[in-house]
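Participant: Letter by letter, the chains look like this.
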Amino acid sequence: MLLSLITFLPVVFALMIWFSGSNEKALKQMAIAFTLIEFALSLLLFRYYDPSVATLQLVEQHTWVSQMGVSYFMGLDGISFWLVILTTFLTPITLLGSWTAVKSKTKGFLVCMLLLETSMIGTFLAMDAILFYVFFEVSLIPMYFLVGIWGGANRLYATMKFFIYTMFGSVFMLLAIIFMMFMAQSQLGFMSASLLDFYKLEIPFVAETFFSTQTLLFFAFSLAFAIKVPTFPFHTWLPDAHVQAPTPGSVILAGVMLKMGTYGFLRFVIPMFPQATEHWAWVLLALAVVGIIYGALVAMVQTDMKKLVAYSSVSHMGYVLLGLFALNTLGITGAIYQMLNHGISTGALFLLVGMVYERTHTREISNYGGLAGYAPIFSILFVIVTMSSIAVPMTNGFIGEFLILQGTFLAKKEFVFFAVTGVVLAAAYMLWMVKRVFFGKMGKVVQEFKDKNESLDINAREFAVMLPLIIMIFWMGLFPGTILKWSDTSVKHLVNNISKYELVIHKNSEANKSLYSKNDKLNIKEKIN
Amino acid sequence: MLSTFTTMDLYLLSPMILLFIFSLVPVFTKVLNKNNEPSDMMSLYLPLIGIVFAFIATCGIILIKIVNGAPKLIFSGSIMVDGLAMWSVIIVLFITFFALVLIKESSFTPKHLFSEYVMLMLNAAVGMMVVAYSNDFILTFIGIEMASLCLYMLIAMSEETRLSKEAAIKYFVLGSLASAILLYGIAFIFGTTGTTQFAEITETAATLASTSRLFLVGCVLVFVGLGFKVSIFPFHFWTPDVYQGSSSPLTAFMAAGIKAVCFAALLRFFATGFLAVDRASGLVSTIQWLAVMSMMLGNIAALRQNHLKRILAYSSIAHSGYLLMGLLVVGLSTNSVLGASGTLFYLFSYAIMTIGAFGFLSLFEKSENSMVTVDHLKGLAYRRPYLALVISIFMLSLAGIPPLLGFFSKFYIFSAAMKQGLYWLVIWGVVSSVISVYFYLKPVVYMYMKQEDEALVGEFKDSASVSFTVGVSAALIVIVGLSSGPLYALIRGSVLSLF
Numbered sequence: 006m007l008l009s010l011i012t013f014l015p016v017v018f019a020l021m022i023w024f025s026g027s028n029e030k031a032l033k034q035m036a037i038a039f040t041l042i043e044f045a046l047s048l049l050l051f052r053y054y055d056p057s058v059a060t061l062q063l064v065e066q067h068t069w070v071s072q073m074g075v076s077y078f079m080g081l082d083g084i085s086f087w088l089v090i091l092t093t094f095l096t097p098i099t100l101l102g103s104w105t106a107v108k109s110k111t112k113g114f115l116v117c118m119l120l121l122e123t124s125m126i127g128t129f130l131a132m133d134a135i136l137f138y139v140f141f142e143v144s145l146i147p148m149y150f151l152v153g154i155w156g157g158a159n160r161l162y163a164t165m166k167f168f169i170y171t172m173f174g175s176v177f178m179l180l181a182i183i184f185m186m187f188m189a190q191s192q193l194g195f196m197s198a199s200l201l202d203f204y205k206l207e208i209p210f211v212a213e214t215f216f217s218t219q220t221l222l223f224f225a226f227s228l229a230f231a232i233k234v235p236t237f238p239f240h241t242w243l244p245d246a247h248v249q250a251p252t253p254g255s256v257i258l259a260g261v262m263l264k265m266g267t268y269g270f271l272r273f274v275i276p277m278f279p280q281a282t283e284h285w286a287w288v289l290l291a292l293a294v295v296g297i298i299y300g301a302l303v304a305m306v307q308t309d310m311k312k313l314v315a316y317s318s319v320s321h322m323g324y325v326l327l328g329l330f331a332l333n334t335l336g337i338t339g340a341i342y343q344m345l346n347h348g349i350s351t352g353a354l355f356l357l358v359g360m361v362y363e364r365t366h367t368r369e370i371s372n373y374g375g376l377a378g379y380a381p382i383f384s385i386l387f388v389i390v391t392m393s394s395i396a397v398p399m400t401n402g403f404i405g406e407f408l409i410l411q412g413t414f415l416a417k418k419e420f421v422f423f424a425v426t427g428v429v430l431a432a433a434y435m436l437w438m439v440k441r442v443f444f445g446k447m448g449k450v451v452q453e454f455k456d457k458n459e460s461l462d463i464n465a466r467e468f469a470v471m472l473p474l475i476i477m478i479f480w481m482g483l484f485p486g487t488i489l490k491w492s493d494t495s496v497k498h499l500v501n502n503i504s505k506y507e508l509v510i511h512k513n514s515e516a517n518k519s520l521y522s523k524n525d526k527l528n529i530k531e532k533i534n
Numbered sequence: 005m006l007s008t009f010t011t012m013d014l015y016l017l018s019p020m021i022l023l024f025i026f027s028l029v030p031v032f033t034k035v036l037n038k039n040n041e042p043s044d045m046m047s048l049y050l051p052l053i054g055i056v057f058a059f060i061a062t063c064g065i066i067l068i069k070i071v072n073g074a075p076k077l078i079f080s081g082s083i084m085v086d087g088l089a090m091w092s093v094i095i096v097l098f099i100t101f102f103a104l105v106l107i108k109e110s111s112f113t114p115k116h117l118f119s120e121y122v123m124l125m126l127n128a129a130v131g132m133m134v135v136a137y138s139n140d141f142i143l144t145f146i147g148i149e150m151a152s153l154c155l156y157m158l159i160a161m162s163e164e165t166r167l168s169k170e171a172a173i174k175y176f177v178l179g180s181l182a183s184a185i186l187l188y189g190i191a192f193i194f195g196t197t198g199t200t201q202f203a204e205i206t207e208t209a210a211t212l213a214s215t216s217r218l219f220l221v222g223c224v225l226v227f228v229g230l231g232f233k234v235s236i237f238p239f240h241f242w243t244p245d246v247y248q249g250s251s252s253p254l255t256a257f258m259a260a261g262i263k264a265v266c267f268a269a270l271l272r273f274f275a276t277g278f279l280a281v282d283r284a285s286g287l288v289s290t291i292q293w294l295a296v297m298s299m300m301l302g303n304i305a306a307l308r309q310n311h312l313k314r315i316l317a318y319s320s321i322a323h324s325g326y327l328l329m330g331l332l333v334v335g336l337s338t339n340s341v342l343g344a345s346g347t348l349f350y351l352f353s354y355a356i357m358t359i360g361a362f363g364f365l366s367l368f369e370k371s372e373n374s375m376v377t378v379d380h381l382k383g384l385a386y387r388r389p390y391l392a393l394v395i396s397i398f399m400l401s402l403a404g405i406p407p408l409l410g411f412f413s414k415f416y417i418f419s420a421a422m423k424q425g426l427y428w429l430v431i432w433g434v435v436s437s438v439i440s441v442y443f444y445l446k447p448v449v450y451m452y453m454k455q456e457d458e459a460l461v462g463e464f465k466d467s468a469s470v471s472f473t474v475g476v477s478a479a480l481i482v483i484v485g486l487s488s489g490p491l492y493a494l495i496r497g498s499v500l501s502l503f
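Those protein sequences? They're chains A and B, same order as listed.
With the numbering used here as the guide, the letters of the first sequence map in order to residues 6 to 534.
With the numbering used here as the guide, the letters of the second sequence map in order to residues 5 to 503.
Hints listed in this document are in silico derivations from the structure and should not be mistaken for laboratory results.
Heads up, a few of these hints could be off.
[As the list claims (entries may be wrong)] In the SDA-like style, the derived pairs of lysine to any residue whose C-alpha atoms are separated by at most 25 Å in a straight line are:
| hint | chain 1 | residue 1 | chain 2 | residue 2 |
| --- | --- | --- | --- | --- |
| 1 | B | K423 | A | Y77 |
| 2 | B | K454 | A | I169 |
| 3 | A | K110 | B | R388 |
| 4 | B | K454 | A | Y362 |
| 5 | A | K166 | B | L307 |
| 6 | B | K454 | A | T105 |
| 7 | A | K110 | B | D379 |
| 8 | A | K112 | B | P407 |
| 9 | A | K112 | B | G383 |
| 10 | A | K110 | A | Y362 |
| 11 | B | K76 | B | R166 |
| 12 | B | K423 | A | L206 |
| 13 | A | K205 | A | F86 |
| 14 | A | K166 | B | Y442 |
| 15 | B | K423 | A | Q192 |
| 16 | A | K166 | B | M300 |
| 17 | A | K112 | B | S396 |
Throw the hints in and build the complete structure from the sequences for me.
Facilitator: Next comes the structure, spelled out in structure tokens:
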């Protein structure tokens, strides 16, 4: 029940908000309280999830379309664990951060955010391919509205492009899923869309040709996820969507939605098509490296802060992909770590850019300069987040990138030589932006504010928004073990059995049983109230 | 012949008989009432009650069939009572009920001829049901003609004077041509097989298809005749004009009802197995390309439209393409429960989505030559949030976005085609459905993301009947979409008798 509760509670909350009054402030307070409850609820996972075994835990399975073997099948393992927490962690922060950013149609905005939360959590927890597809697609709708209604001037183009681009990729995944369902019918004797059954399939693979079943399925899934990540050359929707999206939209898009792509690689592509992955990994590694360098170079020449951060996302997600397709423990662990890092630091960057944009209504770097003297706290926070983004030791970014590069070095040396240039380039574009925005001669906008004697620095609310993120940046940089121990066994299990991956449902499910005991039910209720 | 007649046989036909009797109520009352329009009770509510009775009778038949295993072929084999017939009847009753609910308040409905209007609609429904029940080409032809003649008149009777007359003439001339082709094809088939009954054709179809050229010619002609009625490319040209010229409830009635029963007839026709031989491989690939072209043309032509009805008209061509994919699966395999149940499920969900989509359109239709364009929807979400929400549900469902009904209907049809190995066809299908997202989302964009334009908005009436219709269909789209399993299982169980 716990997983369904975590997934669908936001829908209930969204309905409550839809049917309550129109007092905007009260609505926002309600939404933040709701998402905090949701976060608290997701913290129960720390108690019920057992990281010592690499099994699928807290499983719920019900038939959905029995004739086609589709079921409502939810489960949690070390791969999805942190992504769920990341989602519930970022949502309240985003809502608090957008307290003043969204001025009109607040109710609709909050409903969209809550529905988005449901679809994202559902994507990470679904263990049935069709259920996954449903959540994966449903997440497009609220995001489509977020960008389309509250976005910038060119929002209609951006939101349509985002929707159609992503959908284009995922329909091929749908076909691949249907194909595998019939494959399950012929190999296992029954139709099934469960991932656990998909892992058992023997999919014919011929290395020499592109047109072998496993290769085609591999690329059908990869296309869907590569567009979502986004990997070069499928990244063009991202800068449009990010620049036009309102701040909360950007934060969620970069923070969580891009991870659906990399999560998909880890959950579907690598374990289901091991031989094709082995054989064709170079394609994705090459795209990852091109993405790292290309994203960084393009970021360097941006004149718009938000666009710069958007392109830096392309570069950072390239690292995640690199780590995944190194196909060893270090690489995959690093990739998971980097997913969280990217969620936190890019999310923080978008929030910070949004904060200053709300005051000055410009994101042009050339309009700024000398902000450090005039908005000291903002500047300090920005620099900390920048450090995290360019992977300075002691911040979270360092751990992730280091693990990824180390893992890739052990597996595929030739790619690391190019990938490391990204580290330098990242430092270059981020620090260059920091220099132009915060130091040097006082810019036009800053001067204006100084003349009017208005404050540009952040207020207490915004500080409260940033504080958890800053804490996490250092926590994850200093104590990576506390994070990694929750995903370690699952990753090791995946890497050790990569050619014959199987995931079993937690048998000795004490964690499961205890859920239904009276005490714990009370516990959950208390948490909600 | 009379000896084969039992009360049971009559009971199995009761939905049709009931509907016909109730269709006479309004006109008879009018005649007895010195040619004055009867009250709503007589002309609207009683026929609606009649539809409900027919529905109950249909459910009864389904129950009897399950419990007693009633005879399948009655009236010397010309009537077939099976799952396909029953489901098509349910679709027809569903669409007739809501079209009738909507028609009263449509501004195109002639108020002084309302009883005749209702009678014609119910008789068109009876004609459709004849097609659904029929196991005989001649009966299929009669049913289609009965429904079509009623529809020609219904379209021509509209209060609106210009477009509706044009539509009626177009539909009539082209429809008659298609009927002639259909009849010609039936003649060929009768000439080569010596029978007009599907069940008997099934026995010889496979051998004849590989030996007799004339038989195949007949099959092609029948396909063309029926393909016109369901607007498959290249027989689709009438669709946008006719849809535009008729009032919205009537369009929904025509689009979903005729399509449902003609596809049911095509299903029976394809299930005879004339495609499953080597000789017919050219025909198979032609039909594949017709499906591809219907999907692509329908969806691409709709991209450039601003007129909502024309958008839906082109999209209905595309939907015919998807359905044709399901048909092809039925035609190609010897035991294609997946194909038949996918097609039937698609027809069912298409009926629900169509009545909803055209239902909301009738809110905007007001006067002569009124063109309901997407501009009319500007900013609707902020004046009428619930209406905008249900319109969005219809559009997203038609586009096939999960977890709505439209997604599952596409999922079942694509699954069937994948199973049959029609990979290229399925790829064309998904690509065209991605294209369709653009124009299905266009109304959503206008409703939610544009400022409203006072000049275009005008006043629009609130209508309980429209609210009822769109509410019910939106609820069905969401509920049946989220739990499509049971319905799909039912449909799948009931099409087994086809093979």
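Participant: Now look at each hint and say whether the structure bears it out.
Facilitator: Going down the list of hints, with the structure as the test:
Note on K423(B) and Y77(A): the hinted pairing holds, with a Cα-Cα distance of about 23 Å set against a maximum of 25 Å. Only pairs whose Cα atoms come within 25 Å are accepted, and K454(B) paired with I169(A) is accepted, the gap being roughly 20 Å. Straight-line distance between C-alpha atoms of K110(A) and R388(B) comes to about 14 Å, which keeps the hinted pair within the 25 Å bound. Taking the CA atoms of K454(B) and Y362(A), the gap is near 24 Å; set against the 25 Å cutoff, the hint holds.
Between K166(A) and L307(B), the direct Cα distance comes to roughly 15 Å. Compliance with the 25 Å bound is thereby established for this hinted pair. Between K454(B) and T105(A) the alpha-carbon distance is near 22 Å, which keeps this suggested pair within the 25 Å criterion. Restraint check for K110(A) and D379(B): satisfied, since their Cα atoms lie roughly 21 Å apart, inside the 25 Å limit. Note on K112(A) and P407(B): the hinted pairing holds, with a Cα-Cα distance of about 23 Å set against a maximum of 25 Å.
Taking the CA atoms of K112(A) and G383(B), the gap is about 16 Å. The hint holds against a cut of 25 Å. Restraint check for K110(A) and Y362(A): the C-alpha separation of about 20 Å stays at or below 25 Å, so the hint holds. For the hint linking K76(B) to R166(B), the alpha-carbon distance of about 47 Å lies beyond 25 Å, and the restraint is violated. Simply put, K423(B) and L206(A) have alpha-carbon atoms about 17 Å apart, close enough for the 25 Å limit, and the pair holds.
A hinted pair counts as satisfied when its Cα atoms are at most 25 Å apart, and K205(A) with F86(A) qualifies at roughly 23 Å. A C-alpha spacing of about 9 Å is found between K166(A) and Y442(B), which places the hinted pair at or below 25 Å, so the restraint holds. Taken as a hint, the K423(B) and Q192(A) pair is honoured in the structure, with Cα atoms around 14 Å apart against an allowance of 25 Å. Between the alpha carbons of K166(A) and M300(B) the distance comes to roughly 20 Å, so the proposed pair stays at or under 25 Å and holds.
Annotation: proposed proximity of K112(A) to S396(B) holds, straight-line Cα distance about 18 Å (limit 25 Å).
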